[in-house]
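Asker: What follows is the residue order along each chain.
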Amino acid sequence: MIRGKNIKWKDFINYAVIAVVTIIFGSLSVTGNLASSTQFLLEKMSIAILMAISLSLVVGFLGELSLGHAGFMCVGAYLGGKVAAVLAQSMGNSIVTLILSVLVGGAVAAVCGVVIGLPALRLKGDYLAIVTLAFGEIVKSIFQNTSFESFGGTLGLSTPRYDKKVLFIIGFVLVIICLAVIQNLIRSKHGRAITAIRDNEIAAKAMGINVTKYKLLAFTVSACFAGIGGVLYSWSNYTVQSSNFGYNYSIEILVMVVLGGMGNINGGILAATLITYLNTTLATVLTGDLAVLQNLVYALILIVIVIYNNSPALKSFRERYNLKALLHKIKLVKHDPMRVKDDEAVWDRVPTKIAMDEILSVDTKVRTSVAEKGDPYESEGED
Amino acid sequence: MAEYVLETKNLGISFGGLKAAQNVNISIEKGEIYGLIGPNGAGKTTIFNLLTGVYKPTTGTFMLNGENLTGLSEQAINRKGIARTFQNIRLFNNMSVIRNVMVGLHNNPEFKCTAIESMFRLPRHFASEKAMRERAKEILRIFDLEEERNNLACNLPYGKQRKLEIARALATSPKLLLLDEPAAGMNPNETAELMDTVRLIRDKFDVTVLLIEHDLKFVVGLCNRVTVLNFGTVLAQESVAEALSNPAVVEAYIGK
Numbered sequence: 001m002i003r004g005k006n007i008k009w010k011d012f013i014n015y016a017v018i019a020v021v022t023i024i025f026g027s028l029s030v031t032g033n034l035a036s037s038t039q040f041l042l043e044k045m046s047i048a049i050l051m052a053i054s055l056s057l058v059v060g061f062l063g064e065l066s067l068g069h070a071g072f073m074c075v076g077a078y079l080g081g082k083v084a085a086v087l088a089q090s091m092g093n094s095i096v097t098l099i100l101s102v103l104v105g106g107a108v109a110a111v112c113g114v115v116i117g118l119p120a121l122r123l124k125g126d127y128l129a130i131v132t133l134a135f136g137e138i139v140k141s142i143f144q145n146t147s148f149e150s151f152g153g154t155l156g157l158s159t160p161r162y163d164k165k166v167l168f169i170i171g172f173v174l175v176i177i178c179l180a181v182i183q184n185l186i187r188s189k190h191g192r193a194i195t196a197i198r199d200n201e202i203a204a205k206a207m208g209i210n211v212t213k214y215k216l217l218a219f220t221v222s223a224c225f226a227g228i229g230g231v232l233y234s235w236s237n238y239t240v241q242s243s244n245f246g247y248n249y250s251i252e253i254l255v256m257v258v259l260g261g262m263g264n265i266n267g268g269i270l271a272a273t274l275i276t277y278l279n280t281t282l283a284t285v286l287t288g289d290l291a292v293l294q295n296l297v298y299a300l301i302l303i304v305i306v307i308y309n310n311s312p313a314l315k316s317f318r319e320r321y322n323l324k325a326l327l328h329k330i331k332l333v334k335h336d337p338m339r340v341k342d343d344e345a346v347w348d349r350v351p352t353k354i355a356m357d358e359i360l361s362v363d364t365k366v367r368t369s370v371a372e373k374g375d376p377y378e379s380e381g382e383d
Numbered sequence: 001m002a003e004y005v006l007e008t009k010n011l012g013i014s015f016g017g018l019k020a021a022q023n024v025n026i027s028i029e030k031g032e033i034y035g036l037i038g039p040n041g042a043g044k045t046t047i048f049n050l051l052t053g054v055y056k057p058t059t060g061t062f063m064l065n066g067e068n069l070t071g072l073s074e075q076a077i078n079r080k081g082i083a084r085t086f087q088n089i090r091l092f093n094n095m096s097v098i099r100n101v102m103v104g105l106h107n108n109p110e111f112k113c114t115a116i117e118s119m120f121r122l123p124r125h126f127a128s129e130k131a132m133r134e135r136a137k138e139i140l141r142i143f144d145l146e147e148e149r150n151n152l153a154c155n156l157p158y159g160k161q162r163k164l165e166i167a168r169a170l171a172t173s174p175k176l177l178l179l180d181e182p183a184a185g186m187n188p189n190e191t192a193e194l195m196d197t198v199r200l201i202r203d204k205f206d207v208t209v210l211l212i213e214h215d216l217k218f219v220v221g222l223c224n225r226v227t228v229l230n231f232g233t234v235l236a237q238e239s240v241a242e243a244l245s246n247p248a249v250v251e252a253y254i255g256k
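Those sequence lines, one after another, are chains W and F.
When we follow my numbering, the leftmost residue of the first sequence carries the number 1, and every step to the right adds one.
When we follow my numbering, the leftmost residue of the second sequence carries the number 1, and every step to the right adds one.
No wet-lab data here; the hints were simulated from the structure.
Watch out, some of these pointers could steer you wrong.
Claimed, not checked - Computed list of lysine-lysine pairs in DSS-like fashion (alpha-carbon distance at most 25 angstroms, straight line): (1) F:K175 to F:K137; (2) W:K124 to F:K56; (3) F:K9 to F:K175; (4) F:K9 to W:K213; (5) F:K56 to W:K213; (6) F:K56 to F:K112; (7) F:K112 to W:K213; (8) F:K112 to F:K160; (9) W:K213 to F:K80.
Unchecked claim - Examples of chain W residues toward chain F, derived with CB under 7 angstroms: (10) A88; (11) Q89; (12) I177; (13) A203; (14) K205; (15) M207; (16) K213; (17) L216; (18) T220; (19) I307; (20) N309; (21) A313; (22) K315; (23) E319.
It should be emphasised that the depicted structure is a prediction, and the values quoted were computed from it without experimental measurement.
Ideal placement from N, C-alpha and C gives every residue a C-beta, glycine not left out.
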């Protein structure tokens with residue numbers, strides 16, 4: 001990480017911010033100065049961030065649309081929760097129990113990632129999205145139909161609840177681990193291979209990149225951390241209900257990734273934090289008769305953010321008033337849009353706009369899939 | 001018998017009833033710059049796709065340095081030593097120039113490093129990354145792209161994108177380099193410069209070159225021997241001068 005004298009502080013700023021936030025809230029919490037609702041909110045945030053970072057590896061960097069991320073989380077929540085429930089009888093709610101359950105939940109979810117990935121990653125775009133969607137639903141109904149003794153069936157699995165004062169700290173430590181692993185992976189030759197596949201799969205193959213291997217790698221790592229997110233979920237709730245892991249939740253994670261900007265991990269973290277905060281706050285502010293407005297307000301805010309980020313009409317406004325331009329004004333960074341910051345930092349330069357079109361617009365998708373059916377090499381028709 | 005780098009025997013492919021290429025026999029000697037020409041739709045790019053594993057030939061075989069590569073996957077063929085560029089440029093547009101070349105270096109055994117080592121930043125990761133970066137810079141220097149190494153590939157001017165594609169292909173350290181219309185869309189100066197570059201890389205990287213090109217000046221200036229294709233069959237296979245005076249070739253190009 002330390003190459004000569006210049007440590008690239010920008011590469012590590014996200015770790016620093018998360019660490020500082022954790023330390024501040026952690027010390028408040030341990031000394032008993034933090035409301036339990038805030039503790040619960042922070043737990044939810046750490047879970048959402050874990051999910052968003054791990055999904056962003058598949059969607060933002062590999063460029064494949066996965067709609068079954070909650071399915072992997074469900075696997076992790078149930079398996080990790082079961083391990084926790086069994087171990088807690090003999091070992092109590094200790095940190096060892098938690099670590100063991102995290103390991104088991106992550107490993108089982110990773111195995112699921114391989115098993116689903118092997119056949120599914122032969123598909124592309126819409127088709128892969130549908131298969132992953134189906135996977136999520138299948139997992140959900142499998143756990144719903146288990147017997148009461150094994151996984152609780154329709155009543156849900158009862159799991160031990162970890163000490164509220166510390167669980168969110170553990171959650172953020174896991175977030176930092178996840179961030180480190182995924183960011184290290186992306187900023188390496190393997191990450192380059194993954195982004196190369198996203199940018200141009202045909203060229204990547206022609207360069208000798210083992211496309212199947214790298215798709216599977218990204219998918220598995222992503223599933224593993226989703227599983228860990230699930231284990232965390234099981235520790236922060238008294239019961240694990242599989243109905244909470246439907247495609248609605250998968251879409252919500254996808255929204256976090258898309259809002260943060262495809263292939264922009266820090267954006268994803270921010271979006272996950274904001275959306276979780278928004279959801280919780282709306283639920284507490286709009287009560288009684290106003291409760292019906294919760295979803296409406298939530299949706300409106302999302303629409304405004306997406307329009308603000310992507311509308312061509314607001315382009316000049318965005319360029320004038322953004323963080324980078326502001327920093328440029330106070331001479332903190334050199335601003336040169338043509339030039340990428342340094343040799344390595346290119347990983348966060350991804351065409352948000354194009355990716356958004358691909359995901360949100362049915363129209364463009366249809367056109368690309370028609371084009372794909374033709375000869376991939378001679379689509380321009382000359383020879 | 002001379003040592004052939006590439007040898008195809010009765011190579012052919014048909015899509016349903018359409019015979020896109022048939023009975024193509026090409027033998028290329030080491031260090032040669034060999035041309036593949038013919039009118040539009042003659043099947044030149046199809047031959048490239050066969051040689052790189054995009055299509056599997058329906059008839060015939062091809063060998064690289066005596067090793068039969070027929071039926072291998074694209075990745076495997078690249079690792080065996082055939083690299084290509086594309087007719088319509090296919091760079092990794094959202095990656096910087098140097099990273100494009102580093103993707104080409106991915107399979108080089110000198111820079112071996114597993115995903116686990118990268119994820120947990122073990123020492124070998126740093127060593128291999130540093131070495132890769134140095135090597136990529138060296139390659140870019142040859143193509144006069146070192147200055148632009150931190151630009152996004154899609155921001156390069158057209159001529160430089162073509163060059164970058166060749167640089168990236170060479171990074172996979174091929175024995176045989178396939179160039180699909182390298183001079184397309186270039187002005188005469190750029191074309192002349194490209195001719196020098198192709199000769200330079202032949203000598204410097206010790207590769208054999210097979211190229212498709214419509215610019216006949218380019219072909220005449222570089223190649224000793226050419227194969228002329230028309231409707232998927234070989235029309236002529238001889239030295240450039242002979243081929244261009246062959247009445248059948250003239251007819252295929254400009255009619256009677």
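Asker: Kindly indicate which numbered hints from before are broken by the structure, ordering the numbers from low to high.
Answerer: Result: hints 4, 6, 8, 10, 11, 12, 16, 17, 18, 19, 20, 21, 22 and 23 break, sorted rising.
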